[in-house]
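Student: Protein sequence lines correspond, in order, to chains A and B. Under this note's numbering, the first residue of the first sequence carries the number 1, and numbering increases by one thereafter. Under this note's numbering, the first residue of the second sequence carries the number 414, and numbering increases by one thereafter.
Fair warning: there could be bad hints in the mix.
[Unchecked claim] Simulated coverage check for chain B against chain A, where a stretch passes if three residues somewhere in it have a Cβ under 8 Å from a Cβ of chain A: (1) 594 to 603; (2) 810 to 816.
[Said to hold, decoys possible] Straight-line alpha carbon distances no greater than 30 Å define the calculated DSSO-like cross-link-like pairs of lysine-lysine that follow: (3) Lys575(B) to Lys413(A); (4) Lys507(B) to Lys413(A); (5) Lys575(B) to Lys278(A); (6) Lys306(A) to Lys426(B); (7) Lys31(A) to Lys507(B); (8) Lys31(A) to Lys691(B); (9) Lys714(B) to Lys691(B); (10) Lys575(B) to Lys354(A); (11) Lys87(A) to Lys13(A); (12) Lys767(B) to Lys87(A); (13) Lys57(A) to Lys31(A); (14) Lys239(A) to Lys826(B); (15) Lys767(B) to Lys413(A); (16) Lys510(B) to Lys349(A); (17) Lys510(B) to Lys191(A); (18) Lys162(A) to Lys31(A); (19) Lys306(A) to Lys205(A); (20) Lys444(B) to Lys482(B); (21) Lys719(B) to Lys191(A); (22) Lys714(B) to Lys618(B); (23) Lys826(B) to Lys413(A); (24) Lys162(A) to Lys507(B); (25) Lys320(A) to Lys349(A); (26) Lys13(A) to Lys719(B); (27) Lys507(B) to Lys354(A); (28) Lys32(A) to Lys87(A); (29) Lys719(B) to Lys87(A); (30) Lys652(B) to Lys733(B); (31) Lys97(A) to Lys181(A); (32) Lys711(B) to Lys474(B); (33) Lys703(B) to Lys767(B); (34) Lys826(B) to Lys306(A); (35) Lys181(A) to Lys57(A).
[As the list claims (entries may be wrong)] To give an idea of the chain B side of the interface with chain A (calculated C-beta under 7 Å), a few residues: (36) Ser508; (37) Lys510; (38) Thr513; (39) Arg766; (40) Lys767.
By construction, these hints were calculated from the structure, which means they are not laboratory data. Even glycine gets a Cβ: it sits at the ideal position worked out from N, Cα and C.
Number of protein chains: 2
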Amino acid sequence: MTYISDKGRRLRKVETELSTASTEDKNRALKKVIESLENHRKDILESNALDIELAEKNNMKAGLIDRLKLDNIRLDGIIESIDTVIKLQDPIWKSDKVWTIENGLTISRMTVPLGVIGIIYESRPNVTVDAFSLALKSGNCIMLRGSSSAIHSNKALVNAIKEGLRASNISEDVVQFIEEKDRQYVNDMLKANEYLDLIIPRGGKELIDFVVENSSVPTLQTGVGNCHIFVDESADIKKALNIVNNAKTQRIGVCNACETLLVHEAIADEFLPMLYNKFKDTVEIRGCTKTREIIEAKEAKESDWKEEFLDYIIAVKVVKDINEAIDHIGIYGSKHSEAIVTENFTNSKIFLRKVDASTVYVNASTRFTDGGEFGFGAEMGISTQKTHARGPVGLEQLVIYKYLVIGDGQIRK
Amino acid sequence: MTYISDKGRRLRKVETELSTASTEDKNRALKKVIESLENHRKDILESNALDIELAEKNNMKAGLIDRLKLDNIRLDGIIESIDTVIKLQDPIWKSDKVWTIENGLTISRMTVPLGVIGIIYESRPNVTVDAFSLALKSGNCIMLRGSSSAIHSNKALVNAIKEGLRASNISEDVVQFIEEKDRQYVNDMLKANEYLDLIIPRGGKELIDFVVENSSVPTLQTGVGNCHIFVDESADIKKALNIVNNAKTQRIGVCNACETLLVHEAIADEFLPMLYNKFKDTVEIRGCTKTREIIEAKEAKESDWKEEFLDYIIAVKVVKDINEAIDHIGIYGSKHSEAIVTENFTNSKIFLRKVDASTVYVNASTRFTDGGEFGFGAEMGISTQKTHARGPVGLEQLVIYKYLVIGDGQIRK
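With the hints as extra help, turn the sequences into a complete structure.
Tutor: Set out below in C-alpha cells:
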C-alpha cells in the first residue's frame with residue numbers, strides 16, 4: 001500500500017489548490033500541456049513504437065495493436081481533444097439552487113469537484129490525456145493506472161503533461177501515474193478510500209466487474225452496452241430499416257451499437273425480409289424460431305440475447321407485443337441505450353416510461369448516446385449504473401455539491 | 414444467498430410497477446399504511462415490549478433501550494412522519510433540462526427512481542417506517558434489515574405496512590423485510606448487485622465502515638459527524654458564544670453537533686473565559702496547551718481531535734489563523750458540517766470555498782444540517798461521501814435520471 005499511499009498523499013496535498021483554482025488558471029495549464037505535447041511528439045511516438053514492438057512480440061491481436069498505436073494524426077486528435085475541453089464551460093462553483101429559510105439563513109447548493117478520481121483503463125493511450133484534461137477542468141486530481149501494454153506510451157504522455165503543468169500555476173502533482181506493473185497496485189487503489197473519492201474503470205466487462213466487485217471506493221460503471229431496438233407494429237418501415245442499419249453497422253465496436261432487434265409479430269413478415277436483404281452480405285443474423293420461419297438465419301442461442309457482440313452480428317427475436325419487448329429488455333438489457341421505432345403515440349410513452357436505461361429513444365438510432373452528440377463535449381464514458389451519474393459522463397458528471405449556509409448568528413431552537 | 418435472492422427477485426418483479434406509479438396511487442398507499450398502523454397500535458406496542466424485555470435481559474444500556482422503546486406518543490410521531498412524506502412533492506418524472514440538438518433530436522433528462530434500495534440499520538424502529546415511506550414516495554422498492562434487538566417491533570411494523578399496501582394499488586412486495594437474524598444475510602445483501610441498486614447503512618461508525626468496506630453494491634455513507642466551529646479573530650463574541658453553545662448542547666447525540674472548537678489566538682484570551690463560564694457545569698472541555706494556559710481544562714489528546722463525542726464534551730484548540738483552522742478541519746473533519754464565526758468578509762469567502770464538507774456555515778450553528786431544517790421534509794440521513802448525494806438525503810436524493818431522446822428517424826453520420 002505504501003506506493004499507492006505515497007501517490008495518494010501527494011494528490012490530497014494539492015487537492016484544495018486545484019479544487020479552488022480559477023477557470024483561467026485551469027485553461028492556461030491545459031494550453032501549456034498542449035504545447036508540451038507538441039514539443040514531445042518525438043519521445044511519445046518513440047515510446048509508443050516500443051509498446052507496439054513488445055505487443056507484436058507478445059502476439060497481441062491486430063485489433064488491439066491498432067488501438068494501442070499512435071501516429072502524428074492520432075496525436076493531433078489527442079491534442080485537439082484538450083482544446084475541446086478548454087472551450088467547455090467550467091462546471092465548478094455554480095448553483096442551481098439558492099433559497100432562504102424562515103429564520104433568515106440563506107442556503108445555496110454549489111457545485112464542487114469530487115476530489116481525487118482514480119482511473120483504471122486498458123490499452124488506448126489517448127485515455128491518459130482525455131481523463132487528465134477532463135479531471136483538471138473539473139478541478140479533480142487524478143490517479144492514472146493504464147494497461148501495462150501501453151506503459152511506455154503512457155509514461156511519455158504523463159511526462160509531457162507534467163512538464164506542461166510545471167509551466168503553469170497548477171501543481172504537477174495533480175496527476176499521479178502508477179508506473180508499477182504489478183496488479184497488486186490495482187487492488188491497493190480499490191481499497192484506498194483515504195485517497196480516492198471515485199474510481200472509474202474503463203475497459204472490457206472483465207475489468208469493470210473486477211473493479212465493481214472489489215472496490216470499497218465508490219465506482220462509476222461504464223462501457224458495457226447490450227442495446228436493443230424494438231420495431232413496433234405501427235413502425236415506419238423505412239425509418240426502422242435505416243435506424244437498425246445505422247445502430248448496428250455505423251460503428252460495430254462501440255457500446256451504443258445495437259446488439260438485439262425485437263420485431264412485433266404483426267410487422268415481422270414485411271420487415272424481416274427487407275432486413276435480410278440489407279444485411280445478407282454484411283451482418284450475421286441469429287434469429288429466434290419465428291424469425292427463422294420468415295428469413296434465413298442462424299439459430300439464436302440463449303447466450304446470444306445476453307451478448308455484446310461488438311461485431312457484424314445481430315440477434316433477432318419476434319415478439320407478440322410491446323410488453324414482451326419491454327420484458328425482454330428488462331431481462332437482457334444492460335441499462336445503456338434502448339430504442340423503439342413506432343408511429344403509435346401511446347406505445348412511445350409506455351416505452352419511454354417503462355424501459356430502465358440511461359437513454360431511451362423513440363425513432364432514432366441508439367448511436368447518439370455519446371457526450372459529444374449530447375453536447376457535453378468530451379466524456380469519461382457512458383455510465384450504466386443507477387447512482388451518481390447515468391449516461392454520458394462529461395464535466396458536469398464529475399462534480400458533486402456542497403451547501404453554503406449564510407447566517408447572522410442563527411441557532412437551532 | 415437464496416434467501417436474499419428470493420426477496421430480491423420479488424422486489425425486481427414489482428420495481429417497474431412502483432417506479433411508474435402515479436403520485437396519487439403512492440399517496441393513497443401511504444394513507445392506507447397510516448390507517449393500518451393505527452389499527453395495529455396494540456400489536457406493535459406488544460411486540461416492542463417483547464424487544465424491550467429481551468434487551469433488559471441482555472443488559473442493554475439504558476440509552477439504547479430508550480432508543481428502542483415505542484409508546485403511543487412515539488407511534489404518533491412515526492405516523493405523523495408518513496403524513497409529512499405524503500405532503501412532499503413527488504420527485505419523479507421531472508425535468509430540469511430539455512434541449513434540441515442540431516439534427517432535431519430533442520433530449521430531456523427526467524428524474525427516475527433508483528430502483529431497489531437496501532437499508533441496514535440499528536436499533537430505532539422508527540427507521541423502518543421512515544425509510545419505507547421515503548422509498549415509496551420516491552418510487553423505490555426497499556429491502557429492510559434492522560437490528561436483531563428490534564426484530565419483533567420491526568416485524569409488527571412491516572406487517573402493518575404490508576396490510577396497508579394490500580388495501581392500495583401498490584403491491585405489498587415493494588417492501589421486503591429480512592427476518593432472519595443471521596449476520597450472513599447482511600453479507601449477502603452487500604453482494605446482491607443483481608437485486609439492489611443502493612445500500613444505505615444507518616447506525617454507528619462500525620456498521621457504516623463494515624458496509625462501505627465490504628459492499629459491491631453502491632453505498633451511501635451517512636451519519637458520522639466530527640464537526641468544527643472556528644471562532645475567527647473578528648468574530649462577534651456574543652454570536653460566537655451562542656453558536657458554540659447551541660451546536661454543542663442543543664442535542665448532544667446527533668451527527669451535526671459540534672465536537673471541536675478552534676479559536677483564533679488573537680481572540681482566545683477574551684473568548685475562552687466566557688466559554689469556560691458557560692460550560693463549566695455542563696460541558697467538559699479538553700484543551701490544547703494554549704487553551705489550558707487561559708482556562709482550566711483537561712488535556713486534549715490526539716484522539717480527542719478525531720472523536721465524535723456525542724456527549725457533553727468539547728475539544729478546544731487555539732490556532733494562529735484561518736489557514737491553521739482549515740488545515741485542522743482537513744485532517745480531522747468528517748466532511749459533515751463546518752462553521753466559521755467571523756465578521757471578516759474575505760475570511761468567510763476563504764472558509765466557504767476551501768473547507769470540504771457537505772455543509773459549510775458562516776455565523777450559524779452546525780445544527781441546521783438536517784432535511785427538515787433545509788426544507789426537504791424527512792430524510793434518510795446526512796451523506797458524508799462525495800458521490801451521488803451529499804448532505805441531507807431527502808426524496809430528491811433518492812432519484813437518478815434517464816435521458817429521453819425523441820426523433821423522427823435520425824441516424825448518426
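Student: Next, verify each hint and record whether it holds.
Tutor: For each hint, the structure was consulted:
no.: 1; hint: 594 to 603; verdict: violated (count 0)
no.: 2; hint: 810 to 816; verdict: holds (count 4)
no.: 3; hint: Lys575(B) to Lys413(A); verdict: violated, 37 Å
no.: 4; hint: Lys507(B) to Lys413(A); verdict: violated, 34 Å
no.: 5; hint: Lys575(B) to Lys278(A); verdict: violated, 54 Å
no.: 6; hint: Lys306(A) to Lys426(B); verdict: holds, 19 Å
no.: 7; hint: Lys31(A) to Lys507(B); verdict: violated, 39 Å
no.: 8; hint: Lys31(A) to Lys691(B); verdict: violated, 56 Å
no.: 9; hint: Lys714(B) to Lys691(B); verdict: holds, 23 Å
no.: 10; hint: Lys575(B) to Lys354(A); verdict: holds, 25 Å
no.: 11; hint: Lys87(A) to Lys13(A); verdict: holds, 28 Å
no.: 12; hint: Lys767(B) to Lys87(A); verdict: holds, 26 Å
no.: 13; hint: Lys57(A) to Lys31(A); verdict: violated, 37 Å
no.: 14; hint: Lys239(A) to Lys826(B); verdict: holds, 15 Å
no.: 15; hint: Lys767(B) to Lys413(A); verdict: holds, 29 Å
no.: 16; hint: Lys510(B) to Lys349(A); verdict: holds, 18 Å
no.: 17; hint: Lys510(B) to Lys191(A); verdict: violated, 36 Å
no.: 18; hint: Lys162(A) to Lys31(A); verdict: holds, 12 Å
no.: 19; hint: Lys306(A) to Lys205(A); verdict: holds, 13 Å
no.: 20; hint: Lys444(B) to Lys482(B); verdict: holds, 24 Å
no.: 21; hint: Lys719(B) to Lys191(A); verdict: holds, 21 Å
no.: 22; hint: Lys714(B) to Lys618(B); verdict: holds, 20 Å
no.: 23; hint: Lys826(B) to Lys413(A); verdict: violated, 61 Å
no.: 24; hint: Lys162(A) to Lys507(B); verdict: violated, 43 Å
no.: 25; hint: Lys320(A) to Lys349(A); verdict: holds, 18 Å
no.: 26; hint: Lys13(A) to Lys719(B); verdict: holds, 19 Å
no.: 27; hint: Lys507(B) to Lys354(A); verdict: holds, 15 Å
no.: 28; hint: Lys32(A) to Lys87(A); verdict: holds, 15 Å
no.: 29; hint: Lys719(B) to Lys87(A); verdict: violated, 43 Å
no.: 30; hint: Lys652(B) to Lys733(B); verdict: holds, 21 Å
no.: 31; hint: Lys97(A) to Lys181(A); verdict: violated, 45 Å
no.: 32; hint: Lys711(B) to Lys474(B); verdict: holds, 27 Å
no.: 33; hint: Lys703(B) to Lys767(B); verdict: holds, 26 Å
no.: 34; hint: Lys826(B) to Lys306(A); verdict: holds, 27 Å
no.: 35; hint: Lys181(A) to Lys57(A); verdict: holds, 18 Å
no.: 36; hint: Ser508; verdict: violated, 12 Å
no.: 37; hint: Lys510; verdict: violated, 10 Å
no.: 38; hint: Thr513; verdict: violated, 10 Å
no.: 39; hint: Arg766; verdict: holds, 5 Å
no.: 40; hint: Lys767; verdict: holds, 6 Å
Hints 1, 3, 4, 5, 7, 8, 13, 17, 23, 24, 29, 31, 36, 37 and 38, counting from the list given before, are not met by this structure.
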